[in-house]
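Produce the entire structure from the sequences given, and follow the hints as far as they go.
Residue numbers (the UniProt record's numbering), protein chains in the order written: chain A, 1 to 252; chain B, 1 to 252.
One or more of the hints may lead you astray.
The list makes no distinction among identical chains, and a pair is therefore deemed to hold if it is satisfied within one copy or across any two copies.
[What the hints assert, rightly or not] Pairs of lysine to any residue residues, derived as SDA-like cross-links and limited to a Cα-Cα distance of at most 25 Å, are as follows: (1) K36 - H132; (2) K239 - L129; (3) K36 - R204; (4) K36 - M107; (5) K232 - R221; (6) K36 - K232; (7) K36 - D224; (8) K36 - D19; (9) K239 - P177; (10) K239 - M107; (11) K232 - D222; (12) K36 - D156; (13) K232 - G89; (14) K239 - N54; (15) K36 - L240; (16) K232 - L20; (17) K232 - H132; (18) K239 - H132; (19) K36 - A161.
Derived from the structure by calculation, the hints contain no laboratory data. The structure displayed is predicted, hence computed values, not measured ones.
There are 2 protein chains.
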Amino acid sequence: MKITYGSRKMKIDPQKPADLSAQIAQAIRDAIVSGKLIVDERLPSEAELSDQFNVSRPTVREALKRLAAQSLIRTQRGATGGAFVNRLGFEDAYTQQITTSTLLLSMNAVSFDTACEARYALERACAPLSAHRRTADQLATMRAEIFRQAQPGLTDEAFCASDVAFHRALVDGAGNPVLSYQLAGAVEAMQPLMNMITFTARSREEIIVLHTQIADALENRDGDRVDATLVKLENYTRKLAQDVAQQRRKPA
Amino acid sequence: MKITYGSRKMKIDPQKPADLSAQIAQAIRDAIVSGKLIVDERLPSEAELSDQFNVSRPTVREALKRLAAQSLIRTQRGATGGAFVNRLGFEDAYTQQITTSTLLLSMNAVSFDTACEARYALERACAPLSAHRRTADQLATMRAEIFRQAQPGLTDEAFCASDVAFHRALVDGAGNPVLSYQLAGAVEAMQPLMNMITFTARSREEIIVLHTQIADALENRDGDRVDATLVKLENYTRKLAQDVAQQRRKPA
DNA sequence: AATTTTCATTTGTCTGACATTTAAAAGTCT
DNA sequence: AGACTTTTAAATGTCAGACAAATGAAAATT
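Listed below in structure tokens is the structure:
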């Protein structure tokens, strides 16, 4: 590669002398996004980059670490090593999406209702597609999670985790990886908020009934019924959260 | 803060001696996500962190740059400077979401149909909410973008950009910031794919008609009609893309 | 009391060095 | 000649020490 821009060496804005590593990271990021650097292409060695950008190696390294944090590059040691443009896979994208969403929710005092509304609105978008395309495997996963949710001594955390797994199977049923990626954040980021709810045996029972109805509807490829049941589930979840909030205000 | 973990100094896994900076970044990241470090809290100075983790300052700095790349911390020079836990705002989250989504689509040979299906499925999820809650301001934005789209000498890129602005106003109309954040990626990441389509005067006209119908339906708070028109728009968009693909196969 | 100066702290950057990993090249033995 | 071992070169990973630059607080001055 070159990372050239007009002349032989890439220019970095001399107006903003602060944060050289950020500028270099941006220059390389641009080269990747714009397609000047393609997947699996090797970047110049750190020494060469130091030369090209006229900075020291530690500065180049800081820039590369920034890119590595975004999974834009991967590094490999050894004779044929170096930094390579990373193929951003769906798995990596999921992970980033989830951590960003989780932080966003926890740091911005997003209300349970707002998050819940967003999550179910998005999930309902998957319902018709999932009814059409869900595989037997995905249906089996959902049944298995429902079975797990019915186990007695299950902790609230484990119940929530199983709930997330159930809903992910529902989303994956749409057979659209882009959709699955987008919703990973919405579904998973809700878990910390859901964990604040203590599920009574009664409420678990109710949720399991609704989950079973969803699975049944998917089995019959009845998208409308999936959608209607998701609405019920949303309403019930919000009611549970309200009860918890009320109970905390008046703990007597 | 402490970043302690049991004893006074945080332990980092001695099993994986490679990539110390990644381990340190993860340790601090965990401290932030778990709430041990709260927003705006100052981290120890780089020198102190070097001591705590028993590594050199450059290594600590690489770790901090990783976190800065994820907008988890910000740094400030000077006597009272240092690294501070950053409040991840919706703006930062949007940006990250968009770059990740764009890269994901461009690097994984996602078909136009798949991306398009995901985008419209998600957008339709906003339709009923937007019909309820859209403000006069958001409606005005949409009308203005429609007006712009009707200008003659508009380039395809500018037309696409206006299209994105129109759809973002629609999404924002739902009045749910979490939803807006989630959909930012889906809508914006489509733009590079949309740019591959060359819009004839005829097809622009058709799109503008549909956009106008959507705006009218939102004005009347008719969610069902917004949804129905979005379906039409999706079908039309996919048809346009198919025509382009066919034209390329048989360029005579 | 207000202003200016000094100063200590902290991040940003550079230089140079050594350790570690890795694959290819060179060498050695059968 | 072919298979195995050793050497070597290139690259990242890490460290130590130093200086520059920014910045707010303390000290000195008016």
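Discussion item. If you test the structure against every hint from before, which numbers come out violated?
Written reply: Going through the list in order, the structure violates hints 1, 3, 6, 7, 13, 14, 15 and 16 and respects the others.
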